[in-house]
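K.L.:
For the first sequence, position 279 (counting from the first letter as 1) is numbered 279 according to the UniProt record's numbering, and the numbering increases by one without interruption.
One thing to keep in mind: the hints can contain errors.
[As the list claims (entries may be wrong)] With a straight-line Cα cutoff of 25 Å, these simulated DSS-like cross-link-like pairs (lysine-lysine) come out:
(1) K226 <-> K203
(2) K138 <-> K121
(3) K121 <-> K141
(4) K226 <-> K53
(5) K36 <-> K53
(6) K34 <-> K53
For the record, the hints were derived by calculation from the structure and aren't laboratory data.
Keep in mind that this is a model prediction, so the values were computed, not measured.
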Amino acid sequence: MESGMISVDKWSSGSQVYFLTHLHADHTVGLSSKWKRGLLYCSRDTARLFPTKFPDFNLSLIRVVEIGCWHSLSLVSPTSGSATTVYVMAIDANHCPGSVMYLFRGEFGCMLYTGDFRWEKSRNTFEVGRTMLLNALKNEKLDILYLDNTYCNPRFSFPSREVAAREIVDIITAHPEHDIIIGIDSLGKEDLLLYISRTLNMKIWVWPERLQVMHLLGFPDVFTTKTSLTRVRAVPRYSFSIETLECLNTVRPTIGIRPSGLPWAMKAVKANGNVFGSSRSTSGLNKSNENTDIANGSQTHEPNEDLRSVEKSHEYIYTVPYSDHLCFAEIQEFIELLRPIKIKGIVSSLSFNIDPCYFFRHLCGTKQAIWRLHQTLDNDERLEKVGTVDIKSTIPGSFSVAGRKRKKVQLVNRVSLLRKLGHGVRIADS
DNA sequence: GCGATCAGCT
DNA sequence: CACAGCTGATCGC
Numbered sequence: 001m002e003s004g005m006i007s008v009d010k011w012s013s014g015s016q017v018y019f020l021t022h023l024h025a026d027h028t029v030g031l032s033s034k035w036k037r038g039l040l041y042c043s044r045d046t047a048r049l050f051p052t053k054f055p056d057f058n059l060s061l062i063r064v065v066e067i068g069c070w071h072s073l074s075l076v077s078p079t080s081g082s083a084t085t086v087y088v089m090a091i092d093a094n095h096c097p098g099s100v101m102y103l104f105r106g107e108f109g110c111m112l113y114t115g116d117f118r119w120e121k122s123r124n125t126f127e128v129g130r131t132m133l134l135n136a137l138k139n140e141k142l143d144i145l146y147l148d149n150t151y152c153n154p155r156f157s158f159p160s161r162e163v164a165a166r167e168i169v170d171i172i173t174a175h176p177e178h179d180i181i182i183g184i185d186s187l188g189k190e191d192l193l194l195y196i197s198r199t200l201n202m203k204i205w206v207w208p209e210r211l212q213v214m215h216l217l218g219f220p221d222v223f224t225t226k227t228s229l230t231r232v233r234a235v236p237r238y239s240f241s242i243e244t245l246e247c248l249n250t251v252r253p254t255i256g257i258r259p260s261g262l263p264w265a266m267k268a269v270k271a272n273g274n275v276f277g278s279s280r281s282t283s284g285l286n287k288s289n290e291n292t293d294i295a296n297g298s299q300t301h302e303p304n305e306d307l308r309s310v311e312k313s314h315e316y317i318y319t320v321p322y323s324d325h326l327c328f329a330e331i332q333e334f335i336e337l338l339r340p341i342k343i344k345g346i347v348s349s350l351s352f353n354i355d356p357c358y359f360f361r362h363l364c365g366t367k368q369a370i371w372r373l374h375q376t377l378d379n380d381e382r383l384e385k386v387g388t389v390d391i392k393s394t395i396p397g398s399f400s401v402a403g404r405k406r407k408k409v410q411l412v413n414r415v416s417l418l419r420k421l422g423h424g425v426r427i428a429d430s
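The whole structure should be built from the sequences, with the hints applied where relevant.
P.N.:
Structure representation (structure tokens):
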């Protein structure tokens with residue numbers, strides 16, 4: 001059996017300690033109420049929410065990592081077998097309540113695992129997080145960055161959540177006689193609901209389990225399970241469909257709002273056949289940035305803060321690019337700030353390319369020799385090669401990595417295989 | 001019968 | 001397409 005030191009969002013055996021970035025289901029594949037493989041480190045909010053997801057979990061195994069503080073762990077070096085100390089700091093990831101990124105320092109070097117995150121300059125806590133990260137790094141190099149590359153392609157461009165939230169409020173205001181339903185998940189988008197509530201001075205209906213989550217997180221008392229108190233309801237995304245909307249409209253005029261970055265990403269893919277295809281306007285409402293040369297490193301990519309990006313995809317449905325993952329421009333800013341030696345995406349794709357190395361290798365520290373090897377290859381070949389560079393040769397102590405895979409639908413067998421892979425990383429295997 | 005995993009859907 | 005997730009079927013103990 002493999003032995004290792006630390007796993008992040010990865011729950012197979014063989015590590016000494018385990019870290020969880022946030023409680024979304026695709027990061028907890030393999031975790032269960034019967035967990036007993038070792039200590040589980042997470043943020044305070046995640047710890048607070050833990051029993052709602054894993055009711056019989058042995059809470060004595062949970063260790064809270066306070067945000068912004070260095071924590072030390074006494075572990076056993078998988079290479080030498082002797083005691084070694086690892087330091088870790090959690091930093092707010094602004095993805096969903098409790099979500100954090102982890103910065104590790106140890107014999108393996110310095111690594112940052114972002115988990116899912118967003119990096120919005122306009123957010124009022126942005127400077128706090130940025131300063132925390134830079135102070136923690138001091139002047140030391142970041143050996144490896146495990147990055148949320150969900151939307152790592154210049155075509156994936158959407159505004160800040162602040163802008164998207166205003167658009168959502170505008171839609172609600174423009175429908176004063178309508179009921180409104182908003183599709184959300186079991187965790188995330190709370191800030192959007194609070195913004196709607198504050199701006200329009202109304203309560204928001206949520207389903208009972210969701211109300212419990214709101215209470216556990218200490219949100220203000222603007223959420224209710226009483227339908228009569230409000231015309232705005234946040235409903236589980238899985239129960240949000242055209243059929244649902246049509247059914248509701250037989251009773252009362254109702255519109256649905258889908259907050260998601262995904263349709264914009266997908267539209268870019270669909271309009272061009274692939275993400276590297278020639279630029280073409282996809283809609284009068286949504287103009288993605290027309291930048292195909294990012295890989296050469298000569299251009300910057302500013303977010304579209306002022307575009308009208310609401311899409312009416314159906315008579316009753318508005319889709320708004322409110323994304324809890326960072327867009328391409330934010331990825332670029334994040335990498336330019338940190339200048340890691342090596343980048344590894346935590347999402348790998350079979351259907352279209354989102355490899356951060358393809359777009360940002362010119363921003364990486366000292367790995368030019370490796371990239372140079374591939375410079376004579378054509379684009380397609382290079383794309384395959386850079387994704388498989390073995391980082392074990394670059395980091396003392398060695399890492400072992402498993403990425404979260406995106407699914408490709410045509411190949412059914414492949415899909416079930418990929419499902420097993422899940423998320424996460426284990427560091428410092430022997 | 002139970003939990004874990006998988007298929008299929010949005 | 002599939003962010004993150006649900007339901008229901010099937011598998012293994």
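K.L.:
Would you mind marking each hint as holding or not holding in the structure?
P.N.:
Going down the list of hints, with the structure as the test:
1. K226 <-> K203: At roughly 10 Å apart (the allowed maximum being 25 Å), K203 and K226 satisfy the hint.
2. K138 <-> K121: holds (21 Å)
3. K121 <-> K141: holds (23 Å)
4. K226 <-> K53: Between K226 and K53 the Cα gap is close to 24 Å, so the pair holds against 25 Å.
5. K36 <-> K53: holds (16 Å)
6. K34 <-> K53: holds (12 Å)
Comparing the model with each numbered hint stated earlier shows that all of them hold.
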